[in-house]
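S.K.: Just so you know, the protein sequences line up as chains W and F, in that order.
Numbering-wise, our numbering puts 904 at position 904 of the first sequence, and it's gapless, one number per residue.
Numbering-wise, our numbering puts 3 at position 3 of the second sequence, and it's gapless, one number per residue.
I should point out that these hints are in silico values taken from the structure, not numbers from a laboratory.
Take these hints with a grain of salt, some might be off.
[To be verified] With a cut-off of at most 25 angstroms between alpha-carbon atoms, the simulated DSS-like pairs for lysine-lysine come out as follows: (1) W/Lys1016 with W/Lys239; (2) W/Lys651 with W/Lys418; (3) W/Lys955 with W/Lys658; (4) W/Lys239 with W/Lys290; (5) F/Lys173 with W/Lys972; (6) F/Lys103 with F/Lys203; (7) W/Lys118 with W/Lys129; (8) W/Lys114 with W/Lys385; (9) W/Lys609 with W/Lys651; (10) W/Lys955 with F/Lys203; (11) W/Lys1008 with F/Lys173; (12) W/Lys805 with F/Lys196; (13) W/Lys988 with F/Lys203; (14) F/Lys203 with W/Lys976; (15) W/Lys972 with W/Lys1006; (16) W/Lys976 with F/Lys97; (17) F/Lys97 with W/Lys1006; (18) W/Lys1006 with F/Lys173; (19) W/Lys524 with W/Lys118; (20) W/Lys471 with F/Lys102; (21) F/Lys173 with W/Lys976; (22) W/Lys456 with W/Lys385; (23) W/Lys1009 with F/Lys196; (24) W/Lys976 with W/Lys1020; (25) W/Lys524 with W/Lys456; (26) F/Lys102 with W/Lys927; (27) W/Lys976 with F/Lys196; (28) W/Lys972 with F/Lys102; (29) W/Lys609 with W/Lys471; (30) F/Lys203 with W/Lys805; (31) W/Lys972 with F/Lys196; (32) W/Lys118 with W/Lys651; (33) W/Lys385 with W/Lys362; (34) W/Lys1020 with W/Lys1008; (35) W/Lys1009 with W/Lys118; (36) W/Lys1006 with F/Lys102; (37) F/Lys97 with W/Lys471; (38) W/Lys798 with F/Lys196.
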Amino acid sequence: MKSKINRRNFFKFSAIGSASIAAAGCGPDPVEELIPLLVPPYDYVPGESIHYATTCQECSAACGLLIRTREGRAIKAEGNPKHPLNRGRICAQGQAILQGLYSPSRAVAPSVGKNDQKRTVLWKDGQQKLVDKLVAAREKGVNQILYIGPPRSGSFPAMLEQWLTHFGGGEAIQFDLTPVHSLKKANQLCFSRNEIPHFAIDQAELLLNFGTDFMESWLNPMQLTRNYTDMHAGMKKGKGKYIHISPYMSLTGSNADEWISCPSGQEAAIALALSRILLPDAGHLTAAEKKRLKSYLASFSTSRVAAITGLSESRLQTLADEIRGSGKSLAMAGGNSVAGVHATQLQLAVNILNLVAGNIGKTVLFGADYRMGGDRFDELENVIKAMDDGRYEVVIIENTNPVFTLPVGSGFRQALDKVPWVVSLSTEMDETSALADQHLPVSHFLESWGDATPRKGLYSLQQPVMSRNPKFDTLDLGDLLLQTAGLAGGSPFTVGSFQLYIQASWQRLHAKSGNRQPFYQFWKQSQQVGGVYGDFKPVSVTLRDAVLSEKPDLESPADDSFVLLAVNSSLHNANARGGNKSWLLEVPHPITQVVWDSWVEIHPETAVKLGIHHGDLVEITTRHGSVELAAWLFYGIDEHTVAIPAGLGRKVVFPSYKSSRGRAKFLPVLESTQDVKMRQQTVGINVMELLPWNLDRQSGDFAFAGESVEIKPTGRRSELVTMDGQYRMDINTRKTDDKSGFGDRSQKGRGLIQTVSPDGTLPPHEGEHHHQLRERHYTVERKDKKSFYDPMDENVSKHVRMAGKETPVYHDPHKWEMTIDLDRCIGCSACVVACYAENNIPLVGRDRMAAGREMSWIRIERYIEHNSQTNQPEIYYSPEMCQQCDNAGCEPVCPVYATYQTPDGLNAMIYNRCVGTRYCSNNCVFKQRKFNYRSYEFPSPLHMQLNPAVSVRSKGVMEKCTFCQHRIREMKDIAKDQGRDIYDGEIKTACQQACPTNAIIFGNIKDKKSEVNRIKSTTKRGYTQLPELNYQPAVTYLKKVNHNNRKA
Amino acid sequence: MLSKLKKLLPVTLLILAGCFPAGAADEFTQPIEFNHKTHAGTNQIPCEFCHTYARRSINSGAPSMENCIGCHSVVDGSEDEQKAEIKKVIQYWNDRKPIHWKKIHDLPDFVYFPHKRHIQAGFDCTECHGEINQIDVLSMTTMVTDLSMGWCVQCHTQNHPVIKGKVAGPLRKTRGGDIVKKVAMQTPDGSLLASKDCYVCHK
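Just need the whole structure built from these sequences, with the hints factored in.
M.R.: Shown next, in the form of structure tokens:
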């Protein structure tokens, strides 16, 4: 026989060979175990979720949480509807706390030693070591201990002080980078109230926002956003107006009705110029006050201010007219983009503006005393100097990361080196614990007791929602402190555990509040409801004369150098807690849609002058460092300013989702299976490395804005990954001279987002072409109105007869529909993170996102439309998810009937039936069907967060939004158990539940009294996306309402 | 060509053998040889005494260790094998370790099967699990059904819930009946059927 095999036989044999190899993949299901409990808790039912109320500690806002637990595991963070601040909503960072609880980087045991010398020790040894050091410090002298922790209101600070006193006294610093002190100091100077007031945005009709990112990370974003929605989208008393004044647009500013750009540092001048114009009409001020204010504001003439800020005189006048014309206005200032070395001056200017406009006591209410933010940074400066001088024997750093979040110029790292014994108490080993002599892992706040008083009269309880994971040998922080005090002998505490301490504290609260219930009942109720939610009494204030004696100085206009802003977003803030949380890295940033990276925002005209093209790698240099970053060009920033997001660039070990696709040597088109690895990696850059240690000397706030930078193109392209799908270089843009490469990021006539003015008029035509936001350009006039299913009519009639009915009964009694109010959606992406958490959506990592393989079931689509009348770019957001079309294009093409229309009106997806044809995804015009190209991994212990009510999908199946079908079923189950029908509003999809503005409404359209039905039948703003395709989506969008058909 | 096939055969057989690993047809052994006939049969312990959550939850629940030790702290057993097994139970309790039972009636993870709905509809445990009080030790071979989707769907489309010998339906004009009428399928004579919708069971 010839040794050569002929072609026919070769194919025969390889077919047999591959068939047998394929067959070898099957096998029996692994045997599952049935593990009973030892002693089941009285009210525990496996298979049902139990919700526990607690308080969030991710930032200092202390929102109320309801954590859904299954079988003793926390699986979802939901907002507490009874909590007056966040009212049932939780932000994207709050959703991601579960990734902190189940972080693969969590410390499992105490350790001793710095950096590479770390070795694990037993708890009793670690604790004893700490006690020995503390006792030695006490013997050395007084005030030998420094405790740096996160900001906490409530019972903990008092306990900490007692604890420190027991060990000879010490300093306790609350460390938080949020720049609230300029606000507090200005209020102290103006009104003798060193507090954060209540901003009643919902009462205002005009909001002037000098740079605060109140929809993202400023103060309590949930509360402020909700109040803003009541003003801006609530149509009852007319639509409010929001003007954003800042060098950096930010997500918050992109939702404004108008964005006024001004050079960094010049915002105060605008506020004072406005005050000066409004002063004559301020009838509520006394003549004496008016006189003093007049001389105070004398130098802020419109001409002078116009020259400095670039804002025209007429614009200043019309702004003042708008303030005068609106019933109640509100001016706010703050946030990173205006936190420069003169931040207090800006806050003073805004206070004056509020005073002159008559807002004090109406929309700015004192007496609330919000406890947010940490201690002043000039105090921190003194403490660092004291550390450097060897003042402290023991430094304890708890749940904060100053080594990472402070700039090098602070001297913190060098000072820490000089301290004999540094103790780190945290849930994860971070950059600070690497430098500590000892690390004791403390329990996550979801596993611990505590409480908070975010505002006067509001007491929020924090209780453990699950016991700590036995694999993580951690101790509740409060218990740790109590135990060390006991071990040292002569403990001042009479309680055995921190739970009892909190209870004792609440006993005092109970007594003080005059509550008539026995304490046990009061305590149980507080645990159930989440706390005691009282109100505050507004306090009237008067202007301090002394504040007007020092005339404000107009800052000299900046030279031609560029100014750097280190900005927060809804996903990350400067405290850098989210830098290693994969959800927050994978969800695209709302404006730039960048994932897994940092970027620098530069104005396109500036970029053209510097020779930078969009997406180029640029070198950003300050006095303190230099980094190479991708340039993201954007009109939403002042021409002399650049912005870099804060909170990224962590250097810890966390799961890396790098793909080997295309890079492996042997089989470059395949990917290796094991590719989620725990790796020391850095995503993005730490912007704090570029900043100097610069403080606003008046208030002690850290200056995030104002450092001058040099920008140089490197000549290389970056590997920036954005999910900005509609950016196409080959489509002609309106700006034919677009040298920057910014391109056309508009909807290109697809009419997905439509707008209308408050009186109902549509955006105007432009010459021959319709305005893009008015309707679709490419509306196809269908000659016949036939639907896909028309030929099936006979089929339907036949089945109707067979069922013994007379007419077809569709969707009885439920048909699930949703309305999304685009006027309310701010693009914060809390819904996206909530969906990831609820539906076990896998993470794919940056390489695969570059290939378009993201798995999100809901995305925030961001379009930048150019308004040719105002010549301004306008930014619009639209949440896109599976529209559950009645006439879906994906259903008829599935060869195996894995996707079909349920009697409920949903488009069902049966995973185990799917064979992976992907024809359905091809037909989906909204492109919201996601295919599992791999079996994605959930690195332990993140798998504990998985929701048991939702299948975890493996390779080869299609998945998509199901309108939280498992929640629909859960609530129908409960209703059926109780023998009743479902109430409207009982079923909340995850996205609806997270949304701070209540943009998403979900319900049963067949229920005449449901909210969805009410909106759909009464609104004039309703439309569906891509209507001419006759897909009949179940999601109705409500048009965005723009004042005078213009926006930002 | 046949010689070439012969050369491939051993390889193919080896690979195909991978489809049927040795352990598949084997029985696994439970950590304790629990005898249902003794407990549910002779001693007439009702099913829900141990499987407490059957009426309340999607899972029926395995008996907690507290449940077992409740009797076995005093019940020693009559035969030697019984005594040995009961000693093991007490040892588990003293060690504070739960018993890792091997699940026999196991449905895939993508299936949502609520026990409570079926129990509340009036079905008896024996309909799906068989006469357990007559079976000594449960295993894969003593199962009365293969728990395939076809078997479930057959009941959903053909069989009616029967309570105490009476077929459920027609629905009466009560508040509960109203609800059930809206959501359940009914045959023309008014008897109830369960839903055939895929999304009811597939999650």
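S.K.: So, for every hint listed, does it hold in this structure?
M.R.: Verification of the supplied hints:
The suggested pairing of W/Lys1016 with W/Lys239 holds, with an alpha-carbon distance near 20 angstroms, which does not exceed 25 angstroms. This hinted pair checks out: W/Lys651 and W/Lys418 have alpha carbons roughly 23 angstroms apart, not beyond 25 angstroms. About 18 angstroms separates the Cα atoms of W/Lys955 and W/Lys658, which keeps this hinted pair within 25 angstroms; it holds. Proposed proximity of W/Lys239 and W/Lys290 is contradicted: the alpha carbons are some 32 angstroms apart, above 25 angstroms.
For the suggested pair F/Lys173 and W/Lys972, the alpha carbons sit about 21 angstroms apart, so the restraint of at most 25 angstroms is met. Taking the CA atoms of F/Lys103 and F/Lys203, the gap is about 21 angstroms. The hint holds against a cut of 25 angstroms. For a cut-off of 25 angstroms, the pair hint linking W/Lys118 to W/Lys129 stands: about 15 angstroms separates their Cα positions. Of the pairs offered as hints, the one joining W/Lys114 and W/Lys385 holds, with about 22 angstroms between alpha carbons and a cut-off of 25 angstroms not exceeded.
This hinted pair does not check out: W/Lys609 and W/Lys651 have alpha carbons roughly 35 angstroms apart, beyond 25 angstroms. Our distance criterion of 25 angstroms between C-alpha atoms is met by W/Lys955 and F/Lys203, whose separation comes to about 17 angstroms. Between the alpha carbons of W/Lys1008 and F/Lys173 the distance comes to roughly 22 angstroms, so the proposed pair stays at or under 25 angstroms and holds. Note on W/Lys805 and F/Lys196: the hinted pairing holds, with a Cα-Cα distance of about 18 angstroms set against a maximum of 25 angstroms.
For the hint linking W/Lys988 to F/Lys203, the alpha-carbon distance of about 17 angstroms falls within 25 angstroms, and the restraint holds. For the hint pairing F/Lys203 with W/Lys976, the CA-to-CA distance comes to about 19 angstroms; that is within 25 angstroms, so the pair holds. For the given pair, W/Lys972 sits about 15 angstroms from W/Lys1006 by alpha-carbon distance, which is consistent with the 25 angstroms threshold. At most 25 angstroms may separate the alpha-carbon atoms for a hinted pair to count; W/Lys976 and F/Lys97 exceed this at roughly 37 angstroms.
Between the alpha carbons of F/Lys97 and W/Lys1006 the distance comes to roughly 51 angstroms, so the proposed pair goes past 25 angstroms and is violated. Distance hint between W/Lys1006 and F/Lys173 is fulfilled; the C-alpha atoms sit about 22 angstroms from each other, no more than 25 angstroms. The suggested pairing of W/Lys524 with W/Lys118 is violated, with an alpha-carbon distance near 43 angstroms, which exceeds 25 angstroms. Annotation: proposed proximity of W/Lys471 to F/Lys102 holds, straight-line Cα distance about 24 angstroms (limit 25 angstroms).
Proposed proximity of F/Lys173 and W/Lys976 is supported: the alpha carbons are some 16 angstroms apart, at most 25 angstroms. About 34 angstroms separates the Cα atoms of W/Lys456 and W/Lys385, which puts this hinted pair outside 25 angstroms; it is violated. Only pairs whose Cα atoms come within 25 angstroms are accepted, and W/Lys1009 paired with F/Lys196 is rejected, the gap being roughly 29 angstroms. Taken as a hint, the W/Lys976 and W/Lys1020 pair is broken in the structure, with Cα atoms around 36 angstroms apart against an allowance of 25 angstroms.
Taken as a hint, the W/Lys524 and W/Lys456 pair is honoured in the structure, with Cα atoms around 22 angstroms apart against an allowance of 25 angstroms. With a CA separation close to 43 angstroms, the supplied pair F/Lys102 and W/Lys927 exceeds the 25 angstroms bound. Among the hinted pairs, W/Lys976 with F/Lys196 is consistent with the structure: their alpha-carbon atoms are about 18 angstroms apart, no more than 25 angstroms. At most 25 angstroms may separate the alpha-carbon atoms for a hinted pair to count; W/Lys972 and F/Lys102 exceed this at roughly 32 angstroms.
Between W/Lys609 and W/Lys471, the direct Cα distance comes to roughly 57 angstroms. Violation of the 25 angstroms bound is thereby established for this hinted pair. Pair hint F/Lys203 plus W/Lys805 does not hold up; C-alpha atoms about 30 angstroms apart against a cutoff of 25 angstroms. Restraint check for W/Lys972 and F/Lys196: the C-alpha separation of about 16 angstroms stays at or below 25 angstroms, so the hint holds. The suggested pairing of W/Lys118 with W/Lys651 holds, with an alpha-carbon distance near 17 angstroms, which does not exceed 25 angstroms.
Of the pairs offered as hints, the one joining W/Lys385 and W/Lys362 is violated, with about 43 angstroms between alpha carbons and a cut-off of 25 angstroms exceeded. Among the hinted pairs, W/Lys1020 with W/Lys1008 is consistent with the structure: their alpha-carbon atoms are about 18 angstroms apart, no more than 25 angstroms. Of the pairs offered as hints, the one joining W/Lys1009 and W/Lys118 is violated, with about 63 angstroms between alpha carbons and a cut-off of 25 angstroms exceeded. Taking the CA atoms of W/Lys1006 and F/Lys102, the gap is about 45 angstroms. The hint is violated against a cut of 25 angstroms.
With a C-alpha separation of about 16 angstroms, the suggested pair F/Lys97 and W/Lys471 falls inside the 25 angstroms cut-off, and the hint holds. For the given pair, W/Lys798 sits about 18 angstroms from F/Lys196 by alpha-carbon distance, which is consistent with the 25 angstroms threshold.
Hint check: violations occur at hints 4, 9, 16, 17, 19, 22, 23, 24, 26, 28, 29, 30, 33, 35 and 36; the rest are consistent with the structure.
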